[in-house]
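Protein chains: 2
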Amino acid sequence: MNHINKKNVIITGVAGMIGSNLANRLITNNYNVYGIDYLEFNSQNLLKKIAKHNFSYFNLDLSLEKNVNIFYNKIKKIHFESYWHLAANSDIQKGSENSNIELRNTFLSSYYSVKICEKLNIQKFCFFSSSAIYGETRNKIKETHGPILPISNYGAMKVASEAFLSSARFQIKDILIFRLPNVIGPDVTHGFFYDIPNKIRRNDIVQILGNGLQKKPFMHVDHLLKIILKIYKIKYLKNINIFNVGPGDSGITVKKIINLFISLKKIKNTKFLFQHKKNGWQGDVAKYKFNNSKILKLCKFNIPSSEESVVKTIKEIKL
Amino acid sequence: MNHINKKNVIITGVAGMIGSNLANRLITNNYNVYGIDYLEFNSQNLLKKIAKHNFSYFNLDLSLEKNVNIFYNKIKKIHFESYWHLAANSDIQKGSENSNIELRNTFLSSYYSVKICEKLNIQKFCFFSSSAIYGETRNKIKETHGPILPISNYGAMKVASEAFLSSARFQIKDILIFRLPNVIGPDVTHGFFYDIPNKIRRNDIVQILGNGLQKKPFMHVDHLLKIILKIYKIKYLKNINIFNVGPGDSGITVKKIINLFISLKKIKNTKFLFQHKKNGWQGDVAKYKFNNSKILKLCKFNIPSSEESVVKTIKEIKL
Numbered sequence: 001m002n003h004i005n006k007k008n009v010i011i012t013g014v015a016g017m018i019g020s021n022l023a024n025r026l027i028t029n030n031y032n033v034y035g036i037d038y039l040e041f042n043s044q045n046l047l048k049k050i051a052k053h054n055f056s057y058f059n060l061d062l063s064l065e066k067n068v069n070i071f072y073n074k075i076k077k078i079h080f081e082s083y084w085h086l087a088a089n090s091d092i093q094k095g096s097e098n099s100n101i102e103l104r105n106t107f108l109s110s111y112y113s114v115k116i117c118e119k120l121n122i123q124k125f126c127f128f129s130s131s132a133i134y135g136e137t138r139n140k141i142k143e144t145h146g147p148i149l150p151i152s153n154y155g156a157m158k159v160a161s162e163a164f165l166s167s168a169r170f171q172i173k174d175i176l177i178f179r180l181p182n183v184i185g186p187d188v189t190h191g192f193f194y195d196i197p198n199k200i201r202r203n204d205i206v207q208i209l210g211n212g213l214q215k216k217p218f219m220h221v222d223h224l225l226k227i228i229l230k231i232y233k234i235k236y237l238k239n240i241n242i243f244n245v246g247p248g249d250s251g252i253t254v255k256k257i258i259n260l261f262i263s264l265k266k267i268k269n270t271k272f273l274f275q276h277k278k279n280g281w282q283g284d285v286a287k288y289k290f291n292n293s294k295i296l297k298l299c300k301f302n303i304p305s306s307e308e309s310v311v312k313t314i315k316e317i318k319l
Numbered sequence: 320m321n322h323i324n325k326k327n328v329i330i331t332g333v334a335g336m337i338g339s340n341l342a343n344r345l346i347t348n349n350y351n352v353y354g355i356d357y358l359e360f361n362s363q364n365l366l367k368k369i370a371k372h373n374f375s376y377f378n379l380d381l382s383l384e385k386n387v388n389i390f391y392n393k394i395k396k397i398h399f400e401s402y403w404h405l406a407a408n409s410d411i412q413k414g415s416e417n418s419n420i421e422l423r424n425t426f427l428s429s430y431y432s433v434k435i436c437e438k439l440n441i442q443k444f445c446f447f448s449s450s451a452i453y454g455e456t457r458n459k460i461k462e463t464h465g466p467i468l469p470i471s472n473y474g475a476m477k478v479a480s481e482a483f484l485s486s487a488r489f490q491i492k493d494i495l496i497f498r499l500p501n502v503i504g505p506d507v508t509h510g511f512f513y514d515i516p517n518k519i520r521r522n523d524i525v526q527i528l529g530n531g532l533q534k535k536p537f538m539h540v541d542h543l544l545k546i547i548l549k550i551y552k553i554k555y556l557k558n559i560n561i562f563n564v565g566p567g568d569s570g571i572t573v574k575k576i577i578n579l580f581i582s583l584k585k586i587k588n589t590k591f592l593f594q595h596k597k598n599g600w601q602g603d604v605a606k607y608k609f610n611n612s613k614i615l616k617l618c619k620f621n622i623p624s625s626e627e628s629v630v631k632t633i634k635e636i637k638l
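If you're matching them up, the sequences are chains G and P in order. Using the numbering used here, you'd call the opening residue of the first sequence number 1 and step up by one each time. Using the numbering used here, you'd call the opening residue of the second sequence number 320 and step up by one each time.
Take the hints with a grain of salt, since some may be wrong.
Stretch by stretch, here's where chain P covers chain G in the computed footprint (C-beta under 8 angstroms, at least three residues) [stated by the list, open to error]: (1) 163 to 176; (2) 213 to 226.
Residues from chain P that face chain G, not an exhaustive set, calculated with beta carbons under 7 angstroms [said to hold, decoys possible]: (3) Thr463; (4) Gly465; (5) Pro466; (6) Pro469; (7) Ala475; (8) Ala482; (9) Ser486; (10) Gln490; (11) Leu556; (12) Ile559; (13) Asn560; (14) Ile561.
FYI, nobody ran anything at the bench for these hints, they're computed from the structure. Bear in mind the structure is a predicted one, so any value in this text is a computation, not a measurement. Glycine included, C-beta positions come from ideal geometry on N, C-alpha and C.
Start from the sequences and build out the full structure, keeping to the hints where you can.
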């Protein structure tokens with residue numbers, strides 16, 4: 001890697017959709033990227049999309065204590081500007097059936113990430129948290145919302161990660177917590193926007209989880225990263241800063257998304273089946289809305305609506 | 320044990336001050352108590368104070384997955400009314416120096432407690448959380464306070480425990496979370512009220528951590544358990560109910576407590592030394608105040624002040 005005039009960052013979960021896009025953006029912005037992943041989603045494809053220059057890849061399970069030292073010994077001579085922690089279990093439904101998956105992949109990966117930063121004396125930590133921490137809420141959720149009562153193991157382990165990170169503030173001086181909505185893009189590795197195109201391609205019947213009235217905010221990965229990189233560059237007075245990074249609208253329903261798929265992709269023969277229940281699965285938050293006034297104040301540009309993100313994504317997906 | 324006309328409960332951390340007192344109260348109230356502890360604080364003494372009848376003791380490290388099944392197989396035929404989870408690391412200062420202690424003893428013990436309840440189909444979970452979850456706050460803290468940003472590993476792992484418990488609501492229908500202030504009594508096993516009498520007895524110089532101006536709410540274990548057992552009997556509409564269980568005053572300073580020790584115990588020759596720093600240790604919350612209006616509404620009786628609890632405790636301590 002070319003170390004001249006370049007800054008170094010670590011990205012965990014680098015083979016995911018958000019991680020691989022973030023890596024490319026940071027490489028374009030003159031950073032050397034050290035990426036960690038464990039390829040549980042067979043996401044070698046996304047890894048291949050990351051620029052070859054100024055990128056080093058480490059295949060590492062961050063939920064194991066021993067890997068803290070193994071990784072440390074490989075990169076201990078390098079000074080890092082920041083640590084971007086995106087690694088987590090991303091199959092929320094599976095994690096709701098087996099909490100050990102969330103314990104390991106969502107919480108312990110954060111716990112040992114903090115340990116890595118402490119050993120390397122990395123002073124800036126960017127954590128990708130989730131709207132799932134809030135559980136079921138009524139009004140537009142502010143970052144100061146309490147009490148925090150998640151309904152999924154995934155949400156719980158994101159809360160646990162935020163809390164442990166908060167207690168590490170004496171070692172890590174600058175902590176940014178991004179609470180994300182449903183993030184989408186053509187490279188999604190799991191979930192609704194991954195399953196539907198696959199089923200349409202195979203001419204399968206599409207079984208929708210839930211009654212289709214679930215209504216959630218969506219954001220395209222391009223918009224998300226544009227906002228986050230803007231937030232990253234600001235100097236803050238406080239040690240820890242939390243941001244709901246999403247549109248401020250009340251979201252878009254599953255039914256509406258399917259109709260957009262049908263009209264934009266001119267789908268004719270695919271059959272969509274719905275269930276008679278409100279939530280897609282146990283632990284699914286069927287409806288929520290972000291109050292995003294904090295990011296609106298910081299990022300002076302227009303934040304696209306959920307529908308704009310969905311339309312952009314559908315257009316980008318190749319059937 | 321006599322199972323006729325008795326109800327069964329499990330108490331973890333039963334050999335601690337709160338646990339052993341709770342066990343005796345529940346036994347007096349006609350319960351069979353199944354107590355779990357790991358005796359890390361050499362607290363055999365408190366175990367001996369628990370009534371012999373209607374009490375079964377299990378020496379078990381709850382931070383280990385294998386012990387879920389070991390315990391389950393011993394008591395699987397019994398129906399339990401509730402699970403009282405008090406086990407945690409209680410040396411907060413030590414846990415701030417080594418987060419693995421808090422990970423295991425404060426969080427994983429909660430994680431596997433939830434697993435035990437799910438296996439045994441226990442429908443009521445009483446969790447002893449802490450004011451430490453709130454971190455540094457300015458005003459009187461309500462249960463709805465947010466964001467939750469603890470400054471100690473102990474606080475972080477209590478947050479993690481609350482969050483995981485919250486996500487278990489589909490299996491455990493009735494969850495009570497008690498957020499405690501500094502709880503004291505003649506049987507404390509660690510901390511300020513344990514160290515000071517020991518040092519006075521040995522005629523040691525007493526080195527106070529911090530400048531003595533730390534000001535926190537205190538509650539005597541007798542008062543605490545009276546309130547908690549009252550809250551326990553109420554029927555709630557919601558799945559999860561959280562209570563700040565403490566006095567609503569702004570606490571009592573360390574200096575004031577020492578003066579009360581000196582005057583009530585007629586101490587003459589002991590020298591007290593203070594440090595020049597605000598916090599006792601890294602992670603110590605030097606000042607906080609509870610908003611306790613929620614328990615005031617439920618418990619119609621008078622809630623003693625911090626000073627009343629401190630005076631009662633000092634009077635009960637034998638020097």
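Output the indices of the hints that this structure fails to meet, ascending.
2, 10, 11 and 13
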